[in-house]
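Asker: Chains as they are written, first to last, in numbering that gives the first Met the number 0: chain A, 0 to 400; chain B, 0 to 252.
These are calculated hints, taken from the structure and not from any lab test. Take the hints with a grain of salt, since some may be wrong.
Within a straight-line C-alpha distance of at most 20 Å, the following computed EDC-like cross-link-like pairs (lysine to aspartate or glutamate) qualify [unchecked claim]:
{"#": "1", "chain 1": "A", "residue 1": "Lys4", "chain 2": "B", "residue 2": "Glu80"}
{"#": "2", "chain 1": "B", "residue 1": "Lys93", "chain 2": "A", "residue 2": "Glu395"}
{"#": "3", "chain 1": "A", "residue 1": "Lys127", "chain 2": "A", "residue 2": "Glu168"}
{"#": "4", "chain 1": "B", "residue 1": "Lys93", "chain 2": "A", "residue 2": "Asp242"}
{"#": "5", "chain 1": "B", "residue 1": "Lys11", "chain 2": "A", "residue 2": "Glu300"}
{"#": "6", "chain 1": "B", "residue 1": "Lys105", "chain 2": "A", "residue 2": "Asp191"}
Over the 10 Å line for every Cβ pair with chain B, so calculated as not near, a few chain A residues [what the hints assert, rightly or not]:
{"#": "7", "residue": "Arg62"}
{"#": "8", "residue": "Val83"}
{"#": "9", "residue": "Gly204"}
{"#": "10", "residue": "Ala231"}
{"#": "11", "residue": "Arg296"}
{"#": "12", "residue": "Phe309"}
So, partial list: chain B residues that the calculated Cβ filter (under 7 Å) puts toward chain A [as the list claims (entries may be wrong)]:
{"#": "13", "residue": "Pro12"}
{"#": "14", "residue": "Asp61"}
{"#": "15", "residue": "Ala67"}
{"#": "16", "residue": "His96"}
{"#": "17", "residue": "Asn98"}
{"#": "18", "residue": "Leu100"}
{"#": "19", "residue": "Lys105"}
{"#": "20", "residue": "Tyr110"}
{"#": "21", "residue": "Tyr120"}
{"#": "22", "residue": "Val133"}
{"#": "23", "residue": "Leu136"}
{"#": "24", "residue": "Ala196"}
Backbone N, C-alpha and C define an ideal beta-carbon position, used for all residues, glycine too.
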Amino acid sequence: MRLFKTLRLASRDYGHEWRMSSCFILALAAVLGPMLVLFGLKFGIVGGMVEQLVENPENREIRPMSSGRFDAAWFDRMQQRRDVAFLVPRTRSIAATIELDSDKSTRIIRAELIPSGPGDPLLPAEAKLPIGMDQVVLSQAAAEKLAVMPGDTAMGSATRRYAGKKEREAIRLQVADIAPVAAFSREGVFADLRLVEAVEDFRDGRAVPALGWQGAPAPQDRSYPGFRLYAASIDQVATLKYDLTAQGIEVRTRAADIELVMSMDRNLTAIYWAIAIIGLIGFSLSLGASLWANVDRKRKELSVLRLVGFRTGDIVWFPVTQAFYTGLLGWALAAGIYYGAAYAINHMLAAQMPSGQLVCVLLPQHYGFALGLTVGAAMLAAALAGWRSARIEPSEGLREI
Amino acid sequence: MENVFQARNKAKPLVYHLRDVVRDRASEGVTFRLRVPSLQISQGEKIALIGESGCGKSTLLDMLAFIAPPTNIGAFMFRPEIDNDSTDVARLWKKRHMNRLGDLRKRHMGYVMQTGGLLPYLTVRDNMSLSRSVMGLDASDTVETLARELGIARHLDKLPETLSVGERQRVAIGRALAHEPSIVIADEPTASVDPFAAEKIMSLFIGLAEERSITVVVASHAWRHIKRLGLRRLAHHTHRSQDGRTTETVVNG
Numbered sequence: 000m001r002l003f004k005t006l007r008l009a010s011r012d013y014g015h016e017w018r019m020s021s022c023f024i025l026a027l028a029a030v031l032g033p034m035l036v037l038f039g040l041k042f043g044i045v046g047g048m049v050e051q052l053v054e055n056p057e058n059r060e061i062r063p064m065s066s067g068r069f070d071a072a073w074f075d076r077m078q079q080r081r082d083v084a085f086l087v088p089r090t091r092s093i094a095a096t097i098e099l100d101s102d103k104s105t106r107i108i109r110a111e112l113i114p115s116g117p118g119d120p121l122l123p124a125e126a127k128l129p130i131g132m133d134q135v136v137l138s139q140a141a142a143e144k145l146a147v148m149p150g151d152t153a154m155g156s157a158t159r160r161y162a163g164k165k166e167r168e169a170i171r172l173q174v175a176d177i178a179p180v181a182a183f184s185r186e187g188v189f190a191d192l193r194l195v196e197a198v199e200d201f202r203d204g205r206a207v208p209a210l211g212w213q214g215a216p217a218p219q220d221r222s223y224p225g226f227r228l229y230a231a232s233i234d235q236v237a238t239l240k241y242d243l244t245a246q247g248i249e250v251r252t253r254a255a256d257i258e259l260v261m262s263m264d265r266n267l268t269a270i271y272w273a274i275a276i277i278g279l280i281g282f283s284l285s286l287g288a289s290l291w292a293n294v295d296r297k298r299k300e301l302s303v304l305r306l307v308g309f310r311t312g313d314i315v316w317f318p319v320t321q322a323f324y325t326g327l328l329g330w331a332l333a334a335g336i337y338y339g340a341a342y343a344i345n346h347m348l349a350a351q352m353p354s355g356q357l358v359c360v361l362l363p364q365h366y367g368f369a370l371g372l373t374v375g376a377a378m379l380a381a382a383l384a385g386w387r388s389a390r391i392e393p394s395e396g397l398r399e400i
Numbered sequence: 000m001e002n003v004f005q006a007r008n009k010a011k012p013l014v015y016h017l018r019d020v021v022r023d024r025a026s027e028g029v030t031f032r033l034r035v036p037s038l039q040i041s042q043g044e045k046i047a048l049i050g051e052s053g054c055g056k057s058t059l060l061d062m063l064a065f066i067a068p069p070t071n072i073g074a075f076m077f078r079p080e081i082d083n084d085s086t087d088v089a090r091l092w093k094k095r096h097m098n099r100l101g102d103l104r105k106r107h108m109g110y111v112m113q114t115g116g117l118l119p120y121l122t123v124r125d126n127m128s129l130s131r132s133v134m135g136l137d138a139s140d141t142v143e144t145l146a147r148e149l150g151i152a153r154h155l156d157k158l159p160e161t162l163s164v165g166e167r168q169r170v171a172i173g174r175a176l177a178h179e180p181s182i183v184i185a186d187e188p189t190a191s192v193d194p195f196a197a198e199k200i201m202s203l204f205i206g207l208a209e210e211r212s213i214t215v216v217v218a219s220h221a222w223r224h225i226k227r228l229g230l231r232r233l234a235h236h237t238h239r240s241q242d243g244r245t246t247e248t249v250v251n252g
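Excised from the complex, chain A in its bound form (with noise of 0.2 Å):
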């Protein structure tokens, strides 16, 4: 009761001082508010540039530059390691290439195939798989050239010069799904290992039982001249880069890149932080010393509520109350302030950037970490300087002035 009339004792001066109220409120967004966009430049650019690396699987492939001869056991070896995301081997790759017509294309074209499977992190995670011999997805220039649609069947065919004469054999294909541009740009064929491995067997002469076709009998064991690797992240890169460098394999990765962005967010983020640590200094010396000073001059008229007998517990809310409202409002005006700069600077700058990404973004844990420490910290202080007025005598509040 006697707590919920300070409260409105402190809002009704508040209201009253308005004026003044507002130079608070004022001064606190004129920190504030340019600190929220000084973090929401660094969160969107250095942020967006981070996710595009981290969300390019191309950042996360390793590729061996020469071929080798990799076995199951390999395979199966490295698939344990935490740091794999996604390995698939690869056959070599003068046999992986398959020729694809449509019925509602007259055009033929030469594709490569691209051994896939669940998880590939160059098909989107929505996107269906090709599972089994009899489906693919096709790369977005090998579907337009068909003229196909997920769901439509085309035809996939080889060619091999065997026992001196040349052989065809046909497999019919559905279309599960296409993959986006970014996927692959080149006529491309998402397979199940198994089609892949069986083109390559069918091109070396030897038989595919089954698909029927004829040939040599297959060895026993299959070893591949590659692989298709991803790392679980870029973080992870250079580990296995190095372990398959130690194993004799030389790779190639794009890590140089990934160093360039990751030191550019080191150098950027600790730029960030020296300003923000000035601007946090500052700004928490203003907002302290403009309530420590506000409750300075409340002294009088605190002394007065005790002396009519509000008790010390009870004054210390005078002021943080009013402390709650200069942090919640001065917020609110520099997340305004903040929402207004963002949006120009978005508007200005979309031209240059990649669509969708931002220069200038905060997310919204952001702006409740900001209102918790502006409201947190102004009403510390203001209890600081609520206590100390609260602790001194009343007689000497009131003979001031």
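Dock chain B against chain A, hints included.
Answerer: Same frame as chain A, now just chain B:
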């Protein structure tokens, strides 16, 4: 001095009983000391403390209102009403029970400051009701009756800033009386108004206190105004040490 002793009604119990109470205050290298070898104020008494400013009147009032701690206490007993037990104020100060002292003040005392002391953000009515509402009393008619008696009824819903200084002092007196205290302490309540208005306000104040048989302790620098209102004047004298470093005021009564 004769009339002083006649004015004291021996049958009435003592509100204040002070013995050897001292408060030191240092300012710019000079120590101001107020010494009260003995002071007894009975219930319903009207006490006047007359003297130039700086002689320690306010200091005594602040000690009587429990808003300034004495430096040294022989004895300090407080018994606001006949049905109350005596409170050992010395003990409460020693243990720094500020809130207990505050509660005593809230319940039994009204305090009129020299100037202002009104909260600028509250209307006259709310300012006057403040002392009541803190005690959980409703504003009732008491405030309106008081306002009528003080001649400020038409200002009840205005903010203090729209009032003249004299009117504000009337509001301050109203606030000090609104919660029906048994003691009212007033520190030069009319110092900032013209002498004519001062006399009027002072007699109004003493009259209202008289009607309600409230014990009054009032400080003033003009005895002329209050002489005829029948107050007991407290004897005090001030002297400065030879090196000029200490100023001591002794109050007895």
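Asker: Look at each hint and say if it fits the structure.
Answerer: Status of each hint after checking the structure:
Between lysine 4(A) and glutamate 80(B) the alpha-carbon distance is near 28 Å, which puts this suggested pair outside the 20 Å criterion. With a C-alpha separation of about 19 Å, the suggested pairing of lysine 93(B) with glutamate 395(A) holds against the 20 Å cut-off. The straight-line distance between the Cα atoms of lysine 127(A) and glutamate 168(A) is roughly 26 Å, outside the 20 Å bound, and the hint therefore fails. Between lysine 93(B) and aspartate 242(A) the CA atoms are separated by roughly 77 Å; this puts the pair beyond 20 Å, and the hint is violated.
Pair hint lysine 11(B) plus glutamate 300(A) does not hold up; C-alpha atoms about 36 Å apart against a cutoff of 20 Å. Restraint check: the Cα-Cα separation between lysine 105(B) and aspartate 191(A) comes to about 88 Å, which exceeds 20 Å; the hinted pair is violated. The claim that arginine 62(A) lies off the interface holds: its Cβ sits roughly 74 Å from the closest Cβ of chain B, which is beyond the 10 Å cut-off. No beta-carbon of chain B is positioned within 10 Å of the beta-carbon of valine 83(A); the least distance is around 69 Å.
The Cβ of glycine 204(A) lies farther than 10 Å from every Cβ of chain B, with a closest approach of about 98 Å, so its non-interface assignment holds. For alanine 231(A), the condition that its CB be more than 10 Å from all CB atoms of chain B holds, with the nearest at approximately 63 Å. Against the 10 Å criterion, arginine 296(A) stays outside the reach of chain B, whose nearest CB is about 12 Å from its own CB. A beta-carbon of chain B comes within 10 Å of the beta-carbon of phenylalanine 309(A); the shortest separation is about 6 Å.
At a threshold of 7 Å, the smallest CB-CB gap from proline 12(B) to chain A is about 24 Å, leaving the interface hint violated. For aspartate 61(B), the shortest C-beta to C-beta distance to chain A is roughly 4 Å, which falls under 7 Å, so the interface hint holds. Among the interface hints, the one on alanine 67(B) holds; its C-beta lies about 4 Å from the nearest C-beta in chain A, closer than the 7 Å criterion. Look at histidine 96(B): its Cβ only gets to about 11 Å from chain A, farther than 7 Å, so that hint breaks.
Contact between asparagine 98(B) and chain A, as hinted, is supported at the beta carbon level, the nearest pair being about 5 Å apart and thus within 7 Å. Taking 7 Å as the C-beta cut-off, the interface hint given for leucine 100(B) is violated, the closest approach to chain A being about 10 Å. Proximity of lysine 105(B) to chain A holds as hinted, the smallest CB-CB distance being about 3 Å (cut-off 7 Å). Checking tyrosine 110(B) against chain A by beta carbon gives a least distance of about 5 Å; that is within 7 Å, so the hint holds.
Because the beta carbon of tyrosine 120(B) sits about 3 Å from the nearest beta carbon in chain A, less than 7 Å, this interface hint is met. The interface hint given for valine 133(B) is met, as the beta carbon of that residue sits about 4 Å from the closest beta carbon of chain A, less than 7 Å. Interface hint status for leucine 136(B): violated, as the beta-carbon distance to the closest one in chain A is roughly 11 Å, over 7 Å. Given hint, alanine 196(B) at the interface with chain A, is violated; its Cβ is 22 Å from that chain's nearest Cβ, farther than 7 Å.
The structure is inconsistent with the numbered hints 1, 3, 4, 5, 6, 12, 13, 16, 18, 23, 24, although it conforms to all the rest.
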